[in-house]
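Engineer: Working from the sequences, and respecting the hints, build out all of it.
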Amino acid sequence: MHSDTREIQQRLWEKRKDNLRRAWYKFSGNYLSIVGLVIVLIVILLAIFAPWVSPYPEHRGAFVDFSKSMEPPSSEHLLGTDAVGRDILTRVIFGFRFSLMMGFVVIGLAAPPGIVAGLVAGYFRDTWVDTLIMRITDVFLAVPPLILAMAITAVLPPNVFYAMLAVTLMWWPWYARLVYGIASSLQNEFFVQAAQVTGASTPYIIFKEILPNSVSAIFTKMTLDVGIVIIIAASLSFVGLGAQPPTPDLGTMVSDGAKYMPDQWWMTVCPALAIVFTVLGFNLLGDGLRDMLAVEEV
Amino acid sequence: MFKKNWFLLLLVTVMLTGFVFGCGPGEYEDDVAPAPDEDPVDVSVDGPVYLRKTFSWPTQIDPAIGSDFSSSTALTNLYDTLVYPNPDGSFVPHLAASWDISDDDLSYTFYLTEGVLFHDGSELTAEDVVFSYERLQAVGEGFAYIFKGRISAVEALDDYTVEFRMEEPFGPFLSTLTRLYIVNKDLVMDNLGDGPHGDYGDYGTGFLNDNDAGSGAYMVKEFDVATQLTMEKFDEYFSYLDPMAPDIFEMIGTTEAATVRTGMMRREVDISDQWQTLEAFRSLEEIEGIDVARWPDGGQLYLMMNTQIPPLDCVHARRAMSYAFNYDSLVQDIYPGTEQAMGPVSSVLPGWNPNVYQYSYDLEKAEEEMALSQYAGQWDQYPIEYAWTAEVADLEKIALMTQAESQKVGLPVEIVSTPWMTMIDQAGSIETTPHIMSIWVSPHYGEAGSILEAKYHSSNAGTWEQTEWLLNDQVDQLIEEAMRTVDREERFGIYMQIQEEIVELAPTIFAYDNMERHAYQSYYINWPQAQDPIPVMGYNLAARFIQVDPVKRAELLGN
Amino acid sequence: MTDTGKLLDVRDLCVSYRTYEGKLKVVDGLTLEVRHGEKVGLVGETGCGKTTTMRAILGILPRPAGQVDSGEIIFKGNNVLQMKQKEIQRIRGVAITAIFQNPTAALNPVFTIGQQLYDVIRSQEWRKSGKRLSGKEVHDRAVKALKEAALHDPERLLSNYPVQLSGGMKQRVCIALAMVSDAELLIADEPGTALDVTIQDQILRLSMFMMSKRNTATLYIEHSLGVIREWMDRVYVMYAGRTVEVANSVDIFRSPRHPYTRGLLEAVPKLTGGGIARGIMGRVPEYIDPPGGCRFHPRCEYRMDICTKEKPPFFDLGDEHKVACYHSGS
Amino acid sequence: MKLSTFILRRLALSVGVLLGLSILIFVISRVVPGDPVRLALGARAPQEVVDNLSAEMHLDRSYPVQYVMWLKGVVQGDFGTSLYTRRSVSQDVRSFLPATLELAIFAGIMMTFFGILLGVLSVQKKNSWVDNVVRIISYLGVVTPAFVFAIVFVLLFGFYMDAFPISGRISPSVTPPPFITGMITVDSLITGNFRAFFSALTHLFLPALSLSMAGLSQQARIARSSMSDNLQKDYILAHRAYGIPERKIMSRYLLKPSLIPTVSILGLDFAALLSNAFLVELVFNWPGISRYGVNAILRKDLNAVAAVVMILGITFVVVNIIVDVVVAYLDPRIRMRRDRTSAL
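Residue numbers (my numbering), protein chains in the order written: chain B, 4 to 301; chain L, 3 to 561; chain Z, 6 to 335; chain W, 876 to 1219.
It cannot be assumed that every hint is accurate.
[Unchecked claim] In the PhoX-like style, the derived pairs of lysine-lysine whose C-alpha atoms are separated by at most 25 Å in a straight line are:
hint: 1; chain 1: W; residue 1: K1108; chain 2: W; residue 2: K1000
hint: 2; chain 1: L; residue 1: K554; chain 2: L; residue 2: K235
hint: 3; chain 1: B; residue 1: K71; chain 2: L; residue 2: K410
hint: 4; chain 1: Z; residue 1: K152; chain 2: Z; residue 2: K136
hint: 5; chain 1: Z; residue 1: K133; chain 2: Z; residue 2: K218
hint: 6; chain 1: Z; residue 1: K28; chain 2: B; residue 2: K20
hint: 7; chain 1: B; residue 1: K29; chain 2: Z; residue 2: K81
hint: 8; chain 1: Z; residue 1: K133; chain 2: Z; residue 2: K149
hint: 9; chain 1: B; residue 1: K18; chain 2: Z; residue 2: K28
hint: 10; chain 1: Z; residue 1: K89; chain 2: W; residue 2: K1000
hint: 11; chain 1: Z; residue 1: K133; chain 2: Z; residue 2: K81
hint: 12; chain 1: Z; residue 1: K141; chain 2: Z; residue 2: K11
hint: 13; chain 1: Z; residue 1: K89; chain 2: W; residue 2: K947
hint: 14; chain 1: Z; residue 1: K133; chain 2: W; residue 2: K1000
hint: 15; chain 1: W; residue 1: K1131; chain 2: Z; residue 2: K91
hint: 16; chain 1: W; residue 1: K1001; chain 2: Z; residue 2: K91
hint: 17; chain 1: Z; residue 1: K89; chain 2: Z; residue 2: K133
hint: 18; chain 1: L; residue 1: K223; chain 2: L; residue 2: K235
hint: 19; chain 1: Z; residue 1: K136; chain 2: W; residue 2: K1123
hint: 20; chain 1: W; residue 1: K1108; chain 2: Z; residue 2: K91
hint: 21; chain 1: Z; residue 1: K149; chain 2: Z; residue 2: K136
hint: 22; chain 1: W; residue 1: K947; chain 2: W; residue 2: K1108
hint: 23; chain 1: Z; residue 1: K91; chain 2: Z; residue 2: K81
hint: 24; chain 1: W; residue 1: K1000; chain 2: Z; residue 2: K218
hint: 25; chain 1: Z; residue 1: K91; chain 2: W; residue 2: K947
hint: 26; chain 1: Z; residue 1: K81; chain 2: W; residue 2: K1108
hint: 27; chain 1: Z; residue 1: K91; chain 2: W; residue 2: K1000
hint: 28; chain 1: Z; residue 1: K28; chain 2: W; residue 2: K1001
hint: 29; chain 1: B; residue 1: K29; chain 2: W; residue 2: K1108
hint: 30; chain 1: W; residue 1: K1001; chain 2: B; residue 2: K29
hint: 31; chain 1: Z; residue 1: K28; chain 2: W; residue 2: K1123
hint: 32; chain 1: Z; residue 1: K141; chain 2: W; residue 2: K1123
hint: 33; chain 1: Z; residue 1: K81; chain 2: Z; residue 2: K218
Keep in mind that the hints were calculated from the coordinates and are not lab data.
Structural biologist: Shown next as structure tokens:
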């Protein structure tokens, strides 16, 4: 008995290891995915170690040096300086912190309620629960997320927390919809029916039978969404609804710098490229994951 | 394969080529006068002469509503007032040919210039003056507050005589008349909408929102909300109208740097707004034929401290802030060419006190004051919230500088970029007013009393012009006394006393005397007010004095 | 070289797929011939390369992954592999046509049956005779083809989309599509497999009946031997991408020689899905790194040393019975 | 299900969604901190003036009553008075919406047309440099925020090349055509004013391009992948086996099913387009409803905010209905089964 279970577990483990190996093989076969992974890692590491790797860490906060303002890129300031003499490279590196935090927190907050809503609606497909939940998500999806997020951000006090809250409010329906699609198709599968027949509780079926089958789709979407949320956050900042100065925020830097075009182009172009770089990383990574996990719904 | 699609591709290519050729990038020759896009800029000297200036919107052209810079500019061009200000702060007769003042200073009788025509051809009479005043008070916005509670009655004695009766003597009354724009009563009455004013309905606010009913040198041709106000010359204007004054005066509702810059380069914008960054003005000045006009506008940048909340309810804390502010860097790095303000009144404003104490950048003194404060040693518990207008890039520099300097002496400042409308909202109550708000305030009429009353009299607390919430009885009494004093010298004496009092209380960091900057096409524009500015907001852009030479403009464009 | 008796002659065909895992040699040395009017069966387990063979012959291997590495496919004396795309197109549909395994996938979901059928009829006729048919003629032929395929109410059917039909009906439509061409060679790839068991049989009978009636040469691909016995002249048995045995349909049942053929015959009821593991885990390594020598040797009870080392040649047993096995051949 | 039934069903669902949306918007616009009327009138306005305006805007009533009155107004096209422009919001919307519609339509056309064209080219020249260029463009398009495109285009085409105007809808020196539809390109064509037309067209180009980049990339990407997926489908192989000419297969049997995913994604792309209009209109100083909306948001002009969001919501829902109908027309599989996954 015991040796049997152990053997089965052993085999399962091997199989899982093999799956992982195969997945990695598939993933690494596409060099773009590797590029994405590398970019994401670079950005995350830069964000974490910003105080140590940025050339002028004190420039992240309350600092002015008008004698050095608006210098073009040079060996001293690789990406130049801004209107009050702060090093743009430093601020871009610290800006990653805000972007990443925004991305991770929003997805982290939006995914769970969206997933639960989608699972429940999908499991109770064609009942009033389904109708209620999915119609609510429809309402949220009826307006482009950035617009509603802007409206919400504007009526709330101007700080990062509320900006994140606004985007989160706009984001959960997408997860609800994704998971709903998967859950409602799984709801008729034999293993779910088998679980129903054996008397498993509804939460058990939803979370132990259906959820694990949605994980790869959810995970892929989360990765791709981090990039999109970073864009949305940057857009909010661009309009003036983002982080408060002196906190370095890429979107705000772009919009501030835009006032000095075209002569001081680096003030706007460098942070803009930093946004593109970050989002590109998450997108390439997400695409790689999608191929690897063979997810189609996302 | 794909035969159809190839055809489409061909079509697209043709379209794109059309675009590129249509725009003729190749014609670009030099920085000075770049070839414009496909519409060659009108180089002909025939046709109407334009004057185009950029502004920050909203422009409200109802004289009972508008009060900011762009509104004042529009109103000055569309409407007339009883008196007209001079550069030195005195007045000349305008709609009023002359006036008498009763001995008790409680009654002013104005004798109107005869034959003044409104834009619809009807004549301006005393009835219109009475109506304009009553309308301003009933609608209650804009400049209405200036007169509120001071005038008991306005009466037309005959067609050309009108009497203003005061509740009590009102010293700067003649100055304030530069803000009483006379509207065409009959025209307004013909265009009443529904509203809360009984027989007067909406008092014509709906109509006057995008039409004018004035007698000014210009009249509304087209009003495109948030985009553009087009005014055309009124040939039957009763007063001086320069023969070279523009036929069309366009106020363009944008302050966007790139727009202004390309517009100026293409000579499609003749005068820029004042909200450009210093750098932008510098590069504009480098363009051939463009100069930057600078003049003190009688206002200041005030860093207003909420005197009702800790720690700034302590005068020592406020003085510490005043010493910790780097005035030197401000006037050298951020606003070169300006000067540190001396006291609450701008040095160009009649009634300014040249002898008040001037705070300087002195961190040691700041620390001394901090030690005297009841909050000494516990500054960390009282973070100071500093709000600046999100729309203005330069204010962020000042906010960052304040934050960095205060940090040096241990005053924790948190800066918050705040949209203008939010700032107005926040100013509404003591609780919501941040510790510091940096705001430019300009006088509404040309004397120190305008600023002093708006900024420090309790009745104005809670407006965006006074977020200090000074609420000081002694100051209130002094201001009221000054307002009652009709004799100019005597009144100015009280103004000076008030200024000393206020410097002592240090409710505000008096940053610098504001310079209004406008880049303008000096090669083909003669702008007399830029040389000899009038210290009343809006009057320097009375287009009837500005000369535009289309020949010279064509010269610049045609190389 | 060319034998006029042979309509299709496939020699030593090797086809591989390039995938993330590497190169899959799905067909590895397949030899097969079909003569005029002859009905030939190609039997093997699911996944042994039958469908790939069919696609290679039709020149419709999925590009760019699928690739013919070596060998010849000679159709009416011309090597299909050396033909230009245009020439292949000319024979496709006119000379060779096909019925696919899964009728749902084989019908374009966004066009009506009529649209698809009309287009086929038109392009057939245009290529055969250069004539443009009138709408009426096309319609009549389409109705006729559907009737022949035992479909009721063809008029209504023509305006239906595939999604509105049942699986059996769709396969009948496919048969009709294949039949309108009067091709010399029809390749049928397990036309019944994707269908219900009861319908399977009807479809089989229908397709067989139509083929016999027209005397079209047929290459009938099946995993089930039962079908073969009844209708086929000759049978090729395929294992892991190779032909292992060929004989007429009488001999193959009476005296199967290859151990795999014997296994197949013994295991008739549990053929599908048995044998070679269908799961990803089992099948893939087999094609990336197939067993050396005879590919069947790991499962063969008569395995000899030589089987693991060298690929067995065909041993001619006479009467067109050939087997690729050291054990039974020598 | 017949196409007409499908459309009716779809409309019914949309009405429900719009009702929900109106509640959502109402809630958002009424949680504004501070007194919007006082804010608009300034601290010096007498209390009775404030009260009058509050009453006029029904702000003194209970929330449900306010909602019903507001909704009544909305249905009649009356969104109340803008606190910022002092005009009725519907009047503002009428003057600003055409500019945005013009921009969005132009961008939408560019997006669909160039997107699908690039996708088709890419599949046709698979793995060639054309394909690679398209793939790079489509990647950049997806990861680059619209305002970055806008800024880069302004720098490149506006400042350095001076090839396109970068602000406004028409040159100040050109007399705009009279207001007929409000879309300058259309109006100038109607009145035969070609100078105005070309001026408007060049002004339209950069903003529309910035606006369309995201959707364009998405379209190219989807078109490319769905076409190359479908190329492997059995039915394409079957069409080949039945001898249908390759050209016909490509232009008919491959294109139509491949267009379904591109068309279905159009709805989402249009959403991106509407959102991005907020940023692009700011950069290009485009006097459209989005710039109006941003200003309204920043100024807490709640009637205007509600109107803008509601109108964009309605636009979006309408576009989605059209998209769904087109998809249903293209894809009988959708038409034949009950639409149940979403009302969008």
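Engineer: Given the hint that Z/K141 pairs with Z/K11, does the C-alpha gap stay at or below 25 Å?
Structural biologist: violated (38 Å)
Engineer: Holds or violated: W/K1108 and W/K1000, Cα atoms, limit 25 Å.
Structural biologist: holds (19 Å)
Engineer: Next pair to validate is Z/K91 with Z/K81; report whether the Cα-Cα distance is within 25 Å.
Structural biologist: holds (17 Å)
Engineer: Just to be careful, I want the Cα atoms of Z/K133 and Z/K81 compared with a cutoff of 25 Å; is the pair within it?
Structural biologist: Status holds; Cα separation ~17 Å.
Engineer: Check the hint pairing Z/K141 with W/K1123 against an upper bound of 25 Å on the C-alpha distance.
Structural biologist: holds (21 Å)
Engineer: Hint check: Z/K133 vs Z/K149, CA-CA at most 25 Å. Holds or violated?
Structural biologist: holds (19 Å)
Engineer: Is the hinted pair Z/K89 and W/K947 satisfied, with a Cα-Cα distance of at most 25 Å?
Structural biologist: violated (69 Å)
Engineer: Please verify whether Z/K81 and W/K1108 have alpha carbons no more than 25 Å apart.
Structural biologist: Violated. Z/K81 to W/K1108 sits at ~28 Å, over the 25 Å cutoff.
Engineer: Is Z/K81 within 25 Å of Z/K218, Cα to Cα?
Structural biologist: holds (22 Å)
Engineer: Below or equal to 25 Å on CA atoms is what counts here, so check Z/K28 against W/K1001.
Structural biologist: holds (21 Å)
Engineer: Verify the proposed pairing of Z/K91 with W/K1000, using a straight-line Cα cut of 25 Å.
Structural biologist: holds (18 Å)
Engineer: Keeping to a limit of 25 Å between CA atoms, is the pair of Z/K89 and W/K1000 held or broken?
Structural biologist: Between Z/K89 and W/K1000 the Cα gap is close to 18 Å, so the pair holds against 25 Å.
Checked against the numbered hints above, the structure violates hints 7, 12, 13, 14, 22, 24, 25, 26 and 31; every other hint is satisfied.
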